[in-house]
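*Asks:* Residue numbers (this note's numbering), protein chains in the order written: chain A, 1 to 639; chain B, 1 to 639.
Since the hints were made in silico from the structure, they are not lab data. Treat the hints with caution; some may be incorrect.
[What the hints assert, rightly or not] Pairs of lysine to aspartate or glutamate residues, derived as DMTMM-like cross-links and limited to a Cα-Cα distance of at most 25 Å, are as follows:
1) A/Lys554 to B/Asp305
2) A/Lys266 to B/Asp605
3) B/Lys211 to A/Glu447
4) B/Lys274 to B/Asp305
5) B/Lys537 to A/Asp272
6) B/Lys266 to B/Asp595
7) A/Lys465 to A/Glu447
8) B/Lys266 to A/Asp272
9) B/Lys265 to A/Asp98
10) A/Lys612 to B/Asp169
11) A/Lys412 to B/Asp169
[As the list claims (entries may be wrong)] Covered by chain A, according to a simulated footprint, are these stretches of chain B (three or more residues, beta-carbon under 8 Å):
12) 207-220
13) 276-290
14) 445-459
15) 561-572
[Claimed, not checked] Computed beta-carbon distance windows for the label pairs:
16) B/Ala558 to A/Gly193: 42 to 50 Å
17) A/Glu377 to B/Glu416: 51 to 59 Å
18) B/Thr443 to A/Lys31: 44 to 52 Å
19) B/Pro168 to A/Ser345: 49 to 57 Å
20) B/Arg239 to A/Gly111: 51 to 59 Å
21) B/Gly397 to A/Gly25: 55 to 63 Å
22) A/Glu632 to B/His70: 35 to 43 Å
23) B/Met293 to A/Lys92: 36 to 44 Å
24) B/Lys502 to A/Glu382: 32 to 40 Å
25) B/Gly397 to A/Lys164: 54 to 62 Å
26) A/Thr609 to B/Lys598: 42 to 50 Å
27) B/Lys502 to A/Lys465: 12 to 20 Å
28) A/Glu377 to B/Thr146: 50 to 58 Å
29) B/Lys598 to A/Gly405: 53 to 61 Å
This one's a predicted model, so the numbers in the text were calculated from it and none came from an experiment. Each residue gets a CB set at the ideal place from its N, CA and C atoms; glycine is no exception.
Number of protein chains: 2
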Amino acid sequence: MSTKGNKKKEKEGQKKEVPKYDRAGLENVMKRRFFVVPAFEIYNGVAGLYDYGPTGCALKNHIEQFWREHFILEENLLEISGTCLTPEIVLKTSGHVDKFTDYAVKDVKTGQCFRADKLIKEWVDKEKKKKKVSEARVKELEELATKVDNYEEKEIDEAIEKYKIKSPDTGNELSKSYQFNLMFETQIGPTGGFRGFLRPETAQGHFVNFKNLLNFNSNRIPFGSASIGLGFRNEIAPRSGLLRVREFTMAEIEYFVDPQHKEHKKFHTLKDLKLPLWSAKNQLSNGPIETDMTLGEAVEKKIIDNETLGYFLGKTYLFLTGIGIRKDGIRFRQHTPKEMAHYASDCWDAEIETSYGWVECAGHADRTCFDLSHHTEASGVELVASRLLKETKVIKGVKLLPNKGSIFKDFKDNKEKAKKLCEKLDRTSEADKEKYMQEYEKTGKIEVDVDGEKFVLDKEKNEIKMERFEQNVHEEKYYPNVIEPSFGIGRIVYCVMEHCFKVREKDARRTYFDFPPAVAPYKASILPLIENEEFLKFVEPIRKVLVQNGVSYKIDEADSIGRRYARTDEIGVPFGITIDDITLKDNTVTLREIDTMKQIRVPIDEVGTIIKNVCNRTEKWEDIVKKYPAFEQAKKEEK
Amino acid sequence: MSTKGNKKKEKEGQKKEVPKYDRAGLENVMKRRFFVVPAFEIYNGVAGLYDYGPTGCALKNHIEQFWREHFILEENLLEISGTCLTPEIVLKTSGHVDKFTDYAVKDVKTGQCFRADKLIKEWVDKEKKKKKVSEARVKELEELATKVDNYEEKEIDEAIEKYKIKSPDTGNELSKSYQFNLMFETQIGPTGGFRGFLRPETAQGHFVNFKNLLNFNSNRIPFGSASIGLGFRNEIAPRSGLLRVREFTMAEIEYFVDPQHKEHKKFHTLKDLKLPLWSAKNQLSNGPIETDMTLGEAVEKKIIDNETLGYFLGKTYLFLTGIGIRKDGIRFRQHTPKEMAHYASDCWDAEIETSYGWVECAGHADRTCFDLSHHTEASGVELVASRLLKETKVIKGVKLLPNKGSIFKDFKDNKEKAKKLCEKLDRTSEADKEKYMQEYEKTGKIEVDVDGEKFVLDKEKNEIKMERFEQNVHEEKYYPNVIEPSFGIGRIVYCVMEHCFKVREKDARRTYFDFPPAVAPYKASILPLIENEEFLKFVEPIRKVLVQNGVSYKIDEADSIGRRYARTDEIGVPFGITIDDITLKDNTVTLREIDTMKQIRVPIDEVGTIIKNVCNRTEKWEDIVKKYPAFEQAKKEEK
């Protein structure tokens, strides 16, 4: 996930005209039917933390499972699962300790904190709306609002002083701005001396395991690893509901490629797909979003840098439309150079249109070799792959052969240092070897500095031997590049809810979700027409058939059948199974589909398989309808 | 999960004679084939943190999926997903801030930390092994080792002083002992004033959502909620590999029952099941583990307190044996009163035999109404259910009716206090209402204390009105009791690996896992006999058939077929699909099963369905073997 920039564009999105999403209506259903609720609400909640109830949790699970099949199974990725707790060294190396920050300011009296850029922008919005604001003033304010994204401490402080910006709720003075790191910090172990963080992304867990992954893949490149897991981000002042939270599920792929071969062997399967592409160039020149260009053309014209990146943009498009996002509610926006994360050379966000504007839901960054090379440097473990050379190369070099037995004997009074000395020799760079060699050729000795103390190693004393050599080399090492498709699952869940939230034409109070059956929270409802033993005794055999087929269900026994349909519609149950008078006679039930409200008559034995097949996308409802008798009585039940 | 006691019993288990599990062999495979590795190993790792590689992650996912189907789907539980980040108030109320602790001591010079009880026990073990230790001394030492489990600071310090126990590695002095809280602490938000913890269990997320859950379940009791998610525990000095870690996946059920009705409507389906039960009574009297008693008898004899608890013990047994734990490697051990967690009235652990001894893998605690009643008190939100009374009850009470409009008007100089006053009135207890009423009946006034300041509310001034009333009541409120089956998924994954780790009879170097197909990491391998285009072209159609059926696979193209079988055996791939000469002619492949090594000949079209059905447990391999021709050539490939 990108660390910067996305916030800016989301904000911009809010100014655009968007279709009328019924956010209030949706939020009402979300809360009332326990999709998602603020966490710890009985204690007044904690901003940016949310709990998923049975409906939301099932929806989220199914979206994750869809992702797993669409990416991990179909692309044969290596799924791994790392820890959230991460030692400081890892995130120092990745750049997050220094750069994963926002600027904050405090109300000097109440201590309330604000994100500096948001505070200034909101102040600008208010100022502009005041009476009698000159045109020049408006222009100046707008310039401020644009520039503030790139401000550092000093410029923020100057702006706050110049414009006399105060704490918005109290009018109190504001503190100087300061960088606030967005990672949650903790101590690992009891000593109090081992600093750790909750990971801001799963990605680092892939990189530190690169050697294990490469080995597992028989040392072949390219390959991809994948993780579904939690990420954490200590937002300064989270708002925007589920779109900006402090704890969230991410699904990330790190696809390792040879930088000289960014082709993808399955690219041809997606090359004719047309995605709405908004390049950085077009954004900066007020150019359009390309909607009529195939992935093949886009890669050929270098609008998208390479096949692998293009392939994953296509896969993401198919994923999002597969789980219920409207095709016209997706666009792919390239990052402009300024908003790029510190580790990335290119990035395309999949953005989804919502009532909040266009929202980044998946990033596709080319992280180059930033992480693997930095971790190699910091850990001393080479995170590289190797490729065969077209022509054999002769390389010249120097061998440094310490005799560790002699060294430990000769420095036995200082074993700790001797150990460090040997470690240092093991890690000598090629340049240093050449320097030592020149000394050695002259004197038969070399002098090594260990933490400021000099050690002389002597050929005569059998402590060291050095040789020059020439070698034929058939392969060369290199840092793989990393293409990273990274998905914010919580945001996607919310977007799916907004896009699938519908109202019955004839009754605006009757809302429903037309989730694709694959992701719907519950697949079926079991509805005995009358709540007495004659009808109820069919519940258990139906339940069994569903469980056998892995179909989740909800039993609803109370109220009229119309009300019960309304209730199950409200949480998006795609199939209603009604036990009625005819069931008592011939063991068939009615099966009703939510979006068309069509009903058919099917034997109990077959109802599990039908629903399973539609959910697995091996059969279509349209085809099933043709196979079974329609049940017309339904019409009067729906009004 | 229990917070105390389990450690003790595990330790005891280690002294028992156990079958020879090949732990070294298993650990070698685990690491080499990337099941599980120490996390951040390139930076020398962090104790108690582990990463799951592709094999381990898939195994873990499948075990979780099995759990989800076995419990959530079959029992129609409400799955929810709460946050790991938890505000202090919640864990203060649950008792974890005060009681989720171990005693620690430090090496005064190096600062190394030890768990006090473990340190003393290990010292005892060493002392006992010294030469010329008198019998009396041995007895004294053993008593110390037994008692130390219940020691508090003072007694630990006295023991360390009395026996002159030193830091084991350095011989340095030890610090005084201190309570160390096992929760990871962090700050939520930027102010530095909002203390939070990483949850030690998912359970609290269920309790704080109780009202939402009850409402979702149409206010009916009993019902169960379930969560699969992370738990954290900042162990002082974690060892024992995967059995004691700092970050782990838990699967927890909170089953809410009316304390007057702990029957379970499906108990009859499991009542004839026989589980090995080790009651607290038998443990304390050196009695046996009952192995020949049905669940029905055990509940009848009150060895197991009630049907609901008994039902879940049975379900757990079926779960564990279903995922590959040997029947004779499971026992259910009741907690003795001393080891019970602070919130529990009864607890049965499912323990699994391993190379480390018997290990607690699932707890089944009766948490009574501890959590719901404490959260009700602390939050002021009633977490209760209600039941119909058999007979209507008349209750007498007092109504306290403040006129808030008048109050705010009359105390307009002190609005903050007026607000507090009104809040206090809203929360007046029945006892206090009676006191106020007596005052009111005498004087027409009441005096209310708000933070030490007295406020007089006067009937005359229209500030307050009070009435006595009688009411017919048809239902009464009560705190549901909670039966909690709680599973440590990481421990269970490890135990499954130990129990399924096998060696080929004819070749001790050839190890394999006979995982049940449902949980095996990869379900199938695709093995072209020869690595050339003629054979390789069949890989893609086979792959497609597998993906369509949701069957995970691994493609292995290099080496002899024998070696490739060995390699896929090593990671427990149950089915090998070989593309051979006959495939080229008739589109059939050989399908080999790992445990029997039997091979059959099946059409490519059918191979996906066969494997899927065996994995889903809708068909058995024994039956499939009868339907297809055997392939005899296989025999020579296996030695």
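*Asks:* So, for every hint listed, does it hold in this structure?
*Replies:* Right, here's what the structure says about each hint:
1. A/Lys554 to B/Asp305: violated, 30 Å
2. A/Lys266 to B/Asp605: holds, 23 Å
3. B/Lys211 to A/Glu447: violated, 74 Å
4. B/Lys274 to B/Asp305: holds, 16 Å
5. B/Lys537 to A/Asp272: Roughly 24 Å between the alpha carbons, so the hint for lysine 537 of chain B and aspartate 272 of chain A holds.
6. B/Lys266 to B/Asp595: violated, 35 Å
7. A/Lys465 to A/Glu447: holds, 13 Å
8. B/Lys266 to A/Asp272: This hinted pair is violated, its Cα atoms lying about 55 Å apart.
9. B/Lys265 to A/Asp98: Violated: lysine 265 of chain B and aspartate 98 of chain A sit about 58 Å apart, past 25 Å.
10. A/Lys612 to B/Asp169: violated, 61 Å
11. A/Lys412 to B/Asp169: Given that 25 Å is the threshold and the Cα spacing comes to 22 Å, the pair holds.
12. 207-220: holds (count 8)
13. 276-290: That given contact is violated, which follows from only 0 residues of the stretch 276-290 of chain B lying within Cβ reach (below 8 Å) of chain A.
14. 445-459: Per the Cβ count (0), the hint is violated.
15. 561-572: n = 0 at 8 Å, threshold three: violated.
16. B/Ala558 to A/Gly193: 42 to 50 Å: holds, 47 Å
17. A/Glu377 to B/Glu416: 51 to 59 Å: Holds: the Cβ-Cβ distance is about 58 Å, inside 51 to 59 Å.
18. B/Thr443 to A/Lys31: 44 to 52 Å: holds, 46 Å
19. B/Pro168 to A/Ser345: 49 to 57 Å: Once the Cβ atoms are compared, 52 Å apart, the range 49 to 57 Å for serine 345 of chain A and proline 168 of chain B holds.
20. B/Arg239 to A/Gly111: 51 to 59 Å: Given range 51 to 59 Å: violated, Cβ gap about 43 Å.
21. B/Gly397 to A/Gly25: 55 to 63 Å: violated, 40 Å
22. A/Glu632 to B/His70: 35 to 43 Å: Roughly 40 Å apart at Cβ, these two residues keep to the hinted range, so it holds.
23. B/Met293 to A/Lys92: 36 to 44 Å: violated, 58 Å
24. B/Lys502 to A/Glu382: 32 to 40 Å: Hint holds: Cβ distance 36 Å, inside 32 to 40 Å.
25. B/Gly397 to A/Lys164: 54 to 62 Å: holds, 58 Å
26. A/Thr609 to B/Lys598: 42 to 50 Å: violated, 29 Å
27. B/Lys502 to A/Lys465: 12 to 20 Å: violated, 49 Å
28. A/Glu377 to B/Thr146: 50 to 58 Å: holds, 52 Å
29. B/Lys598 to A/Gly405: 53 to 61 Å: Given about 55 Å between the Cβ atoms, the range holds.
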